[in-house]
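Peer 1: Spelled out from the first residue to the last, the chains are:
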Amino acid sequence: MSIKKRGLRLVAYSALALVLSVAAVLPSLNQRAYAAQLTSRSIQMSSSNNGATGTTYLISFTTATAGVLKGIVIDFCDNTPIIGDSTCTAPTGFSVGTPTATTSGLPGTWTAASANSNRTLTLVNASNSTSVGASTAITITLTTATNPTTDNHSFYARALTYLNSSGANSPATYAPGTEGTYVDAGGMAMSTGKVINITARVMESLAFCVYNASCGDDPSMTIGHGTNNILDATAVDTKTANFSISTNAQSGATVRIKGNTLVSGSNDIDAAGASAITFAAGTEKFGVRVSTAGTNITATAPYNGGTGSQYAFNTANTTSTYGDNIATLSGPVNSSVTTLTFAATAANTTAAGIYTAAQQLIATGQF
Amino acid sequence: MRFHKKLIVSALAISLIVGGSLYASLAEAAQITSRSLQLSSNMAGDHNVTYNVGFSIATAGSIQSIAIEFCGNSALIEDSCVAPYGFDALNTHLINSTGISGFIVSPSSTVNKIVLTHAPSGPVSAGPVGFEFDNIVNPTDPESYYTKISTYTSTDATGSPVDFGALAFSINKTFDVSVEVPPYLLFCQGVSVDGYDCSTAQGDLLNLGQLSDQVPSVAQSQIVAATNASSGYNISMGGGTMTSGNNTLPPMSGTASAVGTSQFGINLRTNTNPDIGIDPEGPGSGTVTAGYSLANRFRFNNGDVIATAAGAQDYKKYTISYLVNVAKDQAPGVYSTTLTYICLANF
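Here the protein sequences line up with chains A and B, keeping their order.
Sequential numbering of the first sequence, starting at 1, is according to our numbering.
Sequential numbering of the second sequence, starting at 1, is according to our numbering.
Calculated directly from the structure, the hints in this document are not laboratory data.
Just so it is clear, CB atoms sit at the ideal spot from N, CA and C, and this is done for glycine as well.
Watch out, some of these pointers could steer you wrong.
For lysine to aspartate or glutamate, the following EDC-like pairs were computed, each having C-alpha atoms within a straight-line distance of at most 20 Å [as the list claims (entries may be wrong)]:
1. A:Lys-239 / B:Glu-180
2. B:Lys-317 / B:Asp-279
3. B:Lys-173 / A:Asp-270
4. A:Lys-239 / A:Glu-284
5. B:Lys-317 / B:Asp-275
6. B:Lys-113 / B:Glu-69
7. A:Lys-239 / B:Asp-176
8. A:Lys-194 / A:Asp-218
9. B:Lys-113 / B:Glu-132
10. A:Lys-239 / A:Asp-217
11. B:Lys-113 / B:Asp-134
12. B:Lys-173 / A:Asp-218
Computed footprint of chain B on chain A, listed as stretches where at least three residues anywhere in the stretch have a Cβ under 8 Å from a Cβ of chain B [unchecked claim]:
13. 86-99
14. 142-154
15. 339-350
16. 355-366
To spell it out: a stretch of chain B is covered by chain A in this simulated footprint if at least three of its residues, at any positions, have a beta carbon under 8 Å from a beta carbon of chain A; those stretches are [to be verified]:
17. 80-89
18. 156-168
19. 221-234
20. 239-246
21. 288-296
Starting from the given sequences, assemble the full structure and let the hints guide the process.
Peer 2: Here it is, written out as structure tokens:
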């Protein structure tokens with residue numbers, strides 16, 4: 001029994017020793033494949049859209065080993081970035097195109113080419129005689145890539161540097177799994193994305209408010225003076241109303257006034273007329289003017305105050321179907337406030353009574 | 001169970017395909033430009049309102065119908081339209097069109113959607129057009145609303161629109177401007193009044209001095225009157241002739257001045273015999289009543305109306321001339337009288 005146990009132990013220890021030996025040998029085999037790993041590896045894509053053509057890939061890495069480099073391979077794989085893996089399938093739809101690439105950190109002029117059905121980018125400089133030091137930052141800008149045609153898809157790149165530009169151990173004989181002797185290597189990963197379409201819906205808008213002190217109140221007014229707020233021949237009395245307009249109408253808007261002059265039964269207060277005039281106390285008149293024009297608002301003659309604080313009220317137009325243009329808005333505006341001043345005065349002969357006039361301000365946007 | 005799942009999945013797929021293609025077709029509609037809507041009234045709930053819709057057709061060709069839809073919720077082509085509360089275009093008529101012809105209101109129009117159909121059909125040019133509709137009832141609530149305009153190749157505004165555009169318009173409240181003109185009567189009197197300014201009236205005593213049988217004694221006072229009384233005014237005179245105790249000066253009855261004859265009278269004219277008085281002045285149309293309106297003729301009768309005006313009156317200034325003559329046998333004394341002028345406005 002003890003002999004059997006001892007035999008089993010011997011077999012077990014032998015097996016363990018064999019495993020450890022293999023594990024120790026493998027790194028040394030790897031070490032033969034490449035001297036060191038490229039560091040600071042990255043590929044910056046100008047677009048992550050699937051299938052994007054003419055995409056610029058900015059390939060960056062830093063050398064680990066000094067050497068007179070004459071060849072570089074950038075191999076794009078769908079399945080793995082591991083150097084030495086013999087399987088490298090091209091990402092669906094990917095292509096390096098007919099490569100146009102520029103470099104930095106490398107001496108001389110490097111010629112770009114494609115290999116493996118446009119999956120692999122190679123760069124060679126056969127005449128280089130300058131050593132590239134260790135820890136040298138190198139960039140390769142490829143401007144002719146076509147992205148894989150799958151959304152949100154990861155794919156990889158393998159980068160290898162060679163001392164030869166042709167023949168054995170060069171980009172010319174490179175193949176996944178049989179890379180030959182290279183200087184440094186390393187893998188990178190990148191991914192396509194999915195285009196985010198952002199849609200914002202902006203409707204046509206026209207907010208128009210006529211008010212006294214604040215939007216929503218009643219702008220109705222009684223023009224007069226004194227304790228009883230009456231109109232007589234001793235003064236020209238005034239009252240104001242405001243309108244605010246907000247619209248995104250690109251061609252602005254017009255504001256028209258529609259209504260009659262002040263009327264009491266069969267009597268009326270004479271309208272100022274189609275021309276701006278100065279009111280004189282005791283000469284019966286009723287009129288209106290734009291006393292303060294809001295942002296982008298232009299008062300329309302004759303309601304623009306004339307030569308000063310003059311008033312107008314052209315009943316031929318204000319009683320027409322669509323009223324009389326009193327102000328124009330030149331373009332889109334947010335909360336432009338305009339003040340209208342209504343004025344009236346009575347003559348000695350103005351019949352007694354309560355005179356009223358229903359007025360409308362109508363805004364029309366030009367979209 | 002499995003069959004139901006298949007059915008639901010199939011229905012979903014179909015709806016996505018249909019919806020997607022519909023959205024795509026809607027999104028492909030060209031933009032209608034220069035869109036505007038004029039209203040004859042923007043008063044909430046107003047009836048018989050005229051709407052003038054203007055826009056520019058973007059795509060020329062076989063446009064056979066146009067839909068003008070009024071919405072309370074959205075101006076977006078992909079959104080369904082909610083009719084503005086109270087809005088009613090069912091009884092509207094196309095009363096005018098500009099830049100285009102041959103369109104009539106289709107019977108397929110609804111309360112908030114006016115469908116214009118091209119009859120007879122024919123090609124339509126691109127460019128600005130206008131359609132004016134009457135007899136529309138405005139929405140009840142004062143706020144902003146939207147109008148969607150679409151053109152179609154179908155005759156009943158069905159299918160995918162060729163062109164689309166929207167606009168916004170505002171419904172508001174009217175506001176009242178009012179004034180109160182009170183009943184008005186301006187009346188003042190004095191020995192003199194500057195212009196028509198009653199604040200300058202001064203004096204209430206006329207002193208005719210020493211009466212003489214050789215020359216007439218004269219004086220004058222002034223009255224200003226104005227009113228907005230619709231039936232004008234009457235100015236009457238109250239008082240007696242000049243007296244001194246039981247002695248009186250006989251009142252005149254429209255006669256001329258007679259030096260050496262006791263008499264007392266007035267008139268409201270410019271006189272030359274004697275030289276006294278001024279004709280009525282001012283923009284008012286009041287007139288002097290008969291008996292007091294003849295130059296060089298004087299009268300005095302208690303209670304007489306000396307001036308009248310029909311209708312509302314602007315300022316009128318009356319100058320009252322007083323004439324006294326005495327006979328040689330007129331009893332001595334201080335003769336005086338108090339006269340009152342009353343202006344009665346007839347509103």
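Peer 1: Please go over all the hints and tell whether each is borne out by the structure.
Peer 2: For each hint, the structure was consulted:
no.	hint	in the structure
1	A:Lys-239 / B:Glu-180	holds, 14 Å
2	B:Lys-317 / B:Asp-279	holds, 9 Å
3	B:Lys-173 / A:Asp-270	violated, 25 Å
4	A:Lys-239 / A:Glu-284	holds, 16 Å
5	B:Lys-317 / B:Asp-275	holds, 19 Å
6	B:Lys-113 / B:Glu-69	holds, 4 Å
7	A:Lys-239 / B:Asp-176	holds, 12 Å
8	A:Lys-194 / A:Asp-218	violated, 54 Å
9	B:Lys-113 / B:Glu-132	holds, 14 Å
10	A:Lys-239 / A:Asp-217	holds, 15 Å
11	B:Lys-113 / B:Asp-134	holds, 14 Å
12	B:Lys-173 / A:Asp-218	holds, 8 Å
13	86-99	violated (count 0)
14	142-154	violated (count 0)
15	339-350	holds (count 7)
16	355-366	holds (count 12)
17	80-89	violated (count 0)
18	156-168	holds (count 4)
19	221-234	holds (count 5)
20	239-246	violated (count 0)
21	288-296	violated (count 0)
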